[in-house]
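J.: Chains as they are written, first to last, in our numbering: chain A, 1 to 347; chain B, 1 to 347; chain C, 1 to 347; chain D, 1 to 347.
No wet-lab data here; the hints were simulated from the structure.
Glycine residues also receive a C-beta, built at the ideal position from the N, C-alpha and C atoms.
Just so you know, not all the hints are guaranteed correct.
[What the hints assert, rightly or not] Cut-off 27 Å, straight-line C-alpha distance, at most; resulting in silico cross-link-like pairs (DSSO-like, lysine-lysine): (1) C/LYS256 to C/LYS28; (2) A/LYS101 to B/LYS34; (3) A/LYS32 to A/LYS256; (4) A/LYS155 to C/LYS34; (5) C/LYS32 to C/LYS241; (6) B/LYS68 to A/LYS28; (7) D/LYS280 to D/LYS241; (8) A/LYS104 to D/LYS280; (9) B/LYS101 to C/LYS256; (10) D/LYS101 to D/LYS68; (11) D/LYS104 to A/LYS241; (12) B/LYS101 to C/LYS28; (13) A/LYS68 to A/LYS104; (14) D/LYS256 to D/LYS155; (15) C/LYS101 to B/LYS104; (16) D/LYS280 to D/LYS34; (17) C/LYS34 to C/LYS241; (18) A/LYS155 to D/LYS104; (19) B/LYS104 to A/LYS101; (20) A/LYS104 to C/LYS104; (21) A/LYS68 to A/LYS155; (22) B/LYS68 to A/LYS104; (23) B/LYS241 to A/LYS280; (24) D/LYS34 to B/LYS241; (25) D/LYS101 to A/LYS101.
[To be verified] Heads up, incomplete: computed chain C residues facing chain D, CB under 7 Å, no partners named: (26) PRO42; (27) GLN43; (28) PHE94; (29) GLU112; (30) TRP121; (31) TRP159; (32) ALA211; (33) VAL336.
These are the residues of each chain, in order.
There are 4 protein chains.
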Amino acid sequence: METLRTMILATGLLFLVGEAAAQDAGMKAWVKGKGWGWVWGPQDEVGNLNEMTDASRLAALRLVSQGKAYDLGLPYDRNSFRWPGHSPAEIISFRSPHGVKTQKDLPFTTPEGGNGGGTAWHSNAIFMNDNVATQIDGLGHITHGPDNHFYNGFKADEWGGDFGLRKTDVTTIPPIIARGVMIDVATYKNVEALPGGYEITVADLEGALRAQNVDVTPGSVVLVRTGTARYWGENGSDHAKLAAHDTAGIGLAAAKWLVEQKGALILGSDTSSLEYGPAKPEDSQAYGGSFVPVHVYLLVEQGVHVMEFNNLEGLAADRVYEFAYFLTTNAIRGTVAGTALRPVAMR
Amino acid sequence: METLRTMILATGLLFLVGEAAAQDAGMKAWVKGKGWGWVWGPQDEVGNLNEMTDASRLAALRLVSQGKAYDLGLPYDRNSFRWPGHSPAEIISFRSPHGVKTQKDLPFTTPEGGNGGGTAWHSNAIFMNDNVATQIDGLGHITHGPDNHFYNGFKADEWGGDFGLRKTDVTTIPPIIARGVMIDVATYKNVEALPGGYEITVADLEGALRAQNVDVTPGSVVLVRTGTARYWGENGSDHAKLAAHDTAGIGLAAAKWLVEQKGALILGSDTSSLEYGPAKPEDSQAYGGSFVPVHVYLLVEQGVHVMEFNNLEGLAADRVYEFAYFLTTNAIRGTVAGTALRPVAMR
Amino acid sequence: METLRTMILATGLLFLVGEAAAQDAGMKAWVKGKGWGWVWGPQDEVGNLNEMTDASRLAALRLVSQGKAYDLGLPYDRNSFRWPGHSPAEIISFRSPHGVKTQKDLPFTTPEGGNGGGTAWHSNAIFMNDNVATQIDGLGHITHGPDNHFYNGFKADEWGGDFGLRKTDVTTIPPIIARGVMIDVATYKNVEALPGGYEITVADLEGALRAQNVDVTPGSVVLVRTGTARYWGENGSDHAKLAAHDTAGIGLAAAKWLVEQKGALILGSDTSSLEYGPAKPEDSQAYGGSFVPVHVYLLVEQGVHVMEFNNLEGLAADRVYEFAYFLTTNAIRGTVAGTALRPVAMR
Amino acid sequence: METLRTMILATGLLFLVGEAAAQDAGMKAWVKGKGWGWVWGPQDEVGNLNEMTDASRLAALRLVSQGKAYDLGLPYDRNSFRWPGHSPAEIISFRSPHGVKTQKDLPFTTPEGGNGGGTAWHSNAIFMNDNVATQIDGLGHITHGPDNHFYNGFKADEWGGDFGLRKTDVTTIPPIIARGVMIDVATYKNVEALPGGYEITVADLEGALRAQNVDVTPGSVVLVRTGTARYWGENGSDHAKLAAHDTAGIGLAAAKWLVEQKGALILGSDTSSLEYGPAKPEDSQAYGGSFVPVHVYLLVEQGVHVMEFNNLEGLAADRVYEFAYFLTTNAIRGTVAGTALRPVAMR
C-alpha cells in the first residue's frame, strides 16, 4: 500500500488514477474489484467520502418524493447497552432551577440581583464515551500493526495525543448526503433478529436485495439489518436481549463484495460492531489474528467509514429500501467517532 | 396562557384552533399577530415544530438546485469559548493503541491472546456541557416564575431529576428539515461584526431582507448573522475577540416580529445567546427583570426553539440567503439541548 | 427533637446541658441513655465530633507503644465494588509523557521550547462518586422526612445546591484522632465472614468485646468487623463474593447500644453500608419504612458519623483491638463524604 | 545512576550500602552528601519513605505534648486556583433528595415502595485532576529523558497505561508519620508573602531555622513557608493574588542542601509547585533545559516525594516549628498524586 502511494506521489499519477476510476460508474477513484485504499493523497483524512459531489448530493435528494423522514438514532443514557471496553455514561443535572436558586452563586439570578420573575435554567454535565449508540467510526478509530498506523499511514505515535486524535477526528467527516440502501437480512431470513455470531454472507445480501428489488450502486450508503435494534426500546437497557443478537453481522467476504464489487460508500448496521463476532480464523488471520478484521479492512485499508447501531425498524416496517440518507456528526475536536447521532432517511 | 389552554381543553377547541390557524399560510396552529403558545395539547413536548409536515419537508428539499452543502457547525474543544455558567470540557484519550498495549487489561488485545497483528483502537472519554458550541435549546432549557415552569406548564419540580429533563429533552426534537433564511445584519450594517450589546431591531431585519431580496415565510428557520462566528477560527479559543461581539443579538421586539408577524419556525444566530445583552429594562421587565427575556418569550411562552452559534460565514461569503435547512440533534436522554451540532444548509 | 432544641435555645441551657453531660465520662454533651442529638447549637455542622479535645487526642496518641501503623483503606478503581446507586469511576490518563510530546500544546515542553532533556509528566482526570470505597459519611449524606431535613434540621431545599452540600460538607469534618476499638464479630462467630443480611446483635458485640478483653469507652471510634473486606483483594473486583457478605451489619438495637450506652464517637465497619440489609420491619418502621434506618438514626438524629469499608484484616490478623485512630478526609467543598480514604490505626 | 544501581545489584551491595548509611543518623540508606537515589532495589516504588520505621513513627508521636491538631489542607472546588495544565474540577450533585424523589428510578425510595418516611440522600459526582490543592506528588508524576523514565528507571512506555500509572501510583505511598519541621521564610524575610519567582536560598533556610531555634534532622518532613497560602481563603478563588506569589520557592541548591546535607524525608511548601519558577538557566540546564528541575532531582533522581499547597498559616500564627506530621493519601489506583488532602501537624 505504502509502495503504491509512494509511486503515485512520485509520478504525479494521483489525478490520473482518479480519472481512470471515473470510468467506473461516475466515481472519482473507485476501481471495481479493488475499491479505494490510500488513493486520495498523503494528507487526506476523508477517505472515500471524497466521492461525494454536488451532483451526487443532488441526485440523492431527488430520491425524495414524499418528504417522510425516518430517525435512525437510538437514544442513549446511563443504562444503555454499550461495548464494555468503553467508558460508562452519566448525564447529570448540572444547573437546575432549584439548584440555581439555592446555590446563589450568580447574582443576576437572585431577586436582589433583579431577577424578580424567577427565570432559571436546566443544563447537564455529560460524561460519556465517543463511541456509543448510533455512531460513525472515524478513520482513526482502529489502528493496526506494531506501528499502530491507521488510515493513510498516519501513526498513533505521531497523531494521537492526550486530547484525542489529531488526524481524522470526527470534524473531518463531511456532512453525508447520499443515496441510502437498507438490506433487510432479518426479514429475508424470516427471523425477528439474526442469532448472535451469525455471519451474513454475500448470498444473504444478494438474496435480500433481489427480494427487495433494489441494488447497491456505487456511492450508496449501505445499512444491513440484523433486527437487533428492535430490542433497544426506550434506552437499550435490556442488555441480555441485545447481547444475544448484537454479534451478528457481516464478515470479510461480504464487506469486500460491498466495497469492491458494489462501491458502497459507507457500511452500517443495527448492531454495535457491524461485523459478526468472534471472528472465524479465516477472517481473523487475514489481519494477524485481529479481533475486528472487518474494521481493519474498512477503516484502515479502504478508507470506508463504519456506521453502527442504526435504528432500521421504521424503514423495515414500511419496507423502505432506497432513500436519501442524511448524517452530520458531532463537532467535537479529537473525538474518534460521531456518537449518539441521529441519521435521517428520507423518502 | 394557562387560561387559554384550559379553555381550549375544556371546549375541545384545540383542533378547531388548528384549523383556524391553517388559514394563515398553510400553518396548523400559527396565528398571525399571536404566534403559537401552548396550543398543542397538554402533553405536547414538541412546540411549534409540530408545524413540520411531509409537504413542508418536501418543499424545503425542492429548494436545492445545486447540491452544495454548508456545514453550519463550530468545532468545540477544551479551549473553546462558552458561557461561563456552563461546565468546562475535556476530551480525554480513553483508550489508545499505546495504552491498550501497555495496560494489557483485555486478553484478546495481546499477542498471547491471538492479536499478533497488533490491532488496537482509539476512543475518548468526553466531559462536557450539553449547551455549548452550535446548539439548539430544547423547550425545557429555560424556566420562569417561582414555580419554575417551562414550556406547556411543565414544572421543574415534577419533570426535572438527577439525570436531566424528563419532559422536552433533546430526544423530543424531531429531525428538522425546513426552508432556511439567513439574515445578514452585519453585512447590511456594513461591519465585520456587530458590536457587543447591540440590539438588532425590526428595521434592521426588514432592511437586510430587502437588501437580500428574500422574505421570511411562515415555517422558515431564521438565522440572523452578527458576524461574531467569523472569529471562532479552529476552535473558538480567542475568547476576548468573541466576547467583544457575542452579546449582539435580537431583542424582544425583533423576536416578536419574527414569530408573530412572520411565523419563524426557529430563531438562531451566530452568537452564544441569540439575544443581545444585557437586556435593557423594557425587555427585562417584560419578564420580571429576567436576564434572558427573549429566551423566556421563545422557549417558555411560544414553544419556539432557539439555535445558537451557527457558523454563517460560508453562507455570507456566497450570499446564500435561502436554502434547505437540515438539523438533527444528539440522542442523549435527559439533555436539554442539542450540543456541538453540525446543521447543514443546502442550496 | 426540634422542640428540645427550641427549648434549649430559648432558655440558654445549651452549655448547662453540656456541663451536665460532662458528668458522664468526661464528655461535653453525651448523656448516657440518650447519646447526643441536636445539642450543639443551631449552626453546628460537626455533631458529636465536637467531643474531641486536645486532651482526648493526646490520650489517644498515648495508646501507641510500638509505632506500628495499619492502613485501613481499600484501594479503588474502575472495577471496584460499589453501591449501584452511585456513579461509576474512571481514572483516565490525562497527560502522559507520550501524549505531552505528541500533543505539543505547551511550548515549554518541546525541544524547541528549551526542553531538550525531555522532562514530562503523568496526571489523571478522575471521574468518580464521593461515596465509595473507604469512606466517612458526612452528616448531610442522608435526609429524612417530606421536608428532606438532615442533621440539625438543615433542609436540602435550603442547603443543597448544584455543586453539592452547603452545610455539613466533608470540609466540616475535623481531623479525627481518637481511641479506636475494633470488634471482631466474624472471629467471635467463628466464620470467615458473616453471611449477607446478618444482623449483628448487642449480644454479639458484648460477647466479642468480652472475648477480646477490651471495652468501648465514651469517645471511642468503633469499627465492627464482618470479614467482608477480606474479599476485596487488589481492587474489590470480585463483586459476587463481596455482595454475598456486604449486607451483614449492625441494626438499630446495636447502634443505639453503642451510642447511648457506650458513647461511641463514630460507628464503622468493613462493609459498604455499616447496617445489615434489607432492614427488618421493626427497624425500618422506626423511620417510616426507611431503607437505611441506622443511617437515619446516626447521621440525622444523633449527629454520629458513619465509616464504611474499612480494611480491618491487618488488625484482625494481629489481634489488635485497641489503638490510636487517625483519619482526615478529602478537602473538596460540597462533597457529602470522605471517599477512597486511608484511615490509620496505630499501636 | 543506572550504573550505580547495576553495580549494587551485581555485587549484592544493597544492604551493605544500607548498613553503611545507617551510620548516618540512624537512617537505613541515606548518605550525607549524597542523599538517596535508586538504592532500594529494582522493584522498589517507595523511595526514601522506606526510611520510616516503627521507632521513627513512635519518636514522632512522642513530640506531641498538647494534643493540638493543625489541618494543613486547603479546600478545593470548581473555582480554585490550579496549574492551568491540569484538568478543571466540577463537583456535581449526583443524587439529591429532590432529584431522587422526582426521578423515581429506584422503587425502594418511593412511598409506594415502602419509604413513607421519605428517607433520601445526597451524593456527588466528582470530575477533577489528581494533582490539585494540597497534594503529594508520587514518584511517577515526573518523567525525564527521551525514554520517559521515572524513579528507579521505570519507563512510561512500560508502566503508564490508559488508566493511570502501574508503578508508583498513590497507593504505594505508605501512611506518613514523621517529625515535621516548618521553615517560615516569609516571616524571616519580614514579608506577608515572598514575591513570585523568588528563589529561596540555603542562606534563607539556615537563617530562618536559626531564628526559629530548630533544626532539620534526618528523616524530617520539611515544609517551607512562602506565605502564598494566606491568600487561599475559602477556596483559592483569588487567582491573581495567588499567582503573584505562587512561583516563589526553593531552587536546586536549597533542595540539594535539604536532601543531601540534612536528610529531609519530604520537601513541601505552600505553593503549587514547591520550586521557584521559571527556573534560571543554571538550574534548568542541570536537567537539559527542564521546566521543573527540582522535581526531576527530587522525584526522579532521589526518590523524595514533594508536598504542595500546604496550609501553613496556623503553624505560622502559633510559631509552631516542630511537630508530629501525619498524612495519608487517597486510595485510588493509578493516580499519580494524593490530591485535595488534609495533612495534620500535631504538637
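J.: Are the hints correct? Go through all of them and say.
T.: Going down the list of hints, with the structure as the test:
no.	hint	in the structure
1	C/LYS256 to C/LYS28	holds (19 Å)
2	A/LYS101 to B/LYS34	violated (32 Å)
3	A/LYS32 to A/LYS256	holds (11 Å)
4	A/LYS155 to C/LYS34	violated (69 Å)
5	C/LYS32 to C/LYS241	violated (39 Å)
6	B/LYS68 to A/LYS28	holds (18 Å)
7	D/LYS280 to D/LYS241	holds (23 Å)
8	A/LYS104 to D/LYS280	violated (45 Å)
9	B/LYS101 to C/LYS256	violated (53 Å)
10	D/LYS101 to D/LYS68	violated (43 Å)
11	D/LYS104 to A/LYS241	holds (24 Å)
12	B/LYS101 to C/LYS28	violated (59 Å)
13	A/LYS68 to A/LYS104	violated (47 Å)
14	D/LYS256 to D/LYS155	holds (24 Å)
15	C/LYS101 to B/LYS104	holds (23 Å)
16	D/LYS280 to D/LYS34	holds (23 Å)
17	C/LYS34 to C/LYS241	violated (38 Å)
18	A/LYS155 to D/LYS104	violated (48 Å)
19	B/LYS104 to A/LYS101	violated (47 Å)
20	A/LYS104 to C/LYS104	violated (40 Å)
21	A/LYS68 to A/LYS155	violated (43 Å)
22	B/LYS68 to A/LYS104	violated (48 Å)
23	B/LYS241 to A/LYS280	violated (56 Å)
24	D/LYS34 to B/LYS241	violated (54 Å)
25	D/LYS101 to A/LYS101	holds (19 Å)
26	PRO42	violated (20 Å)
27	GLN43	violated (17 Å)
28	PHE94	holds (5 Å)
29	GLU112	violated (11 Å)
30	TRP121	holds (5 Å)
31	TRP159	violated (10 Å)
32	ALA211	violated (27 Å)
33	VAL336	holds (5 Å)
Hint violations for this structure: numbers 2, 4, 5, 8, 9, 10, 12, 13, 17, 18, 19, 20, 21, 22, 23, 24, 26, 27, 29, 31, 32, all remaining hints satisfied.
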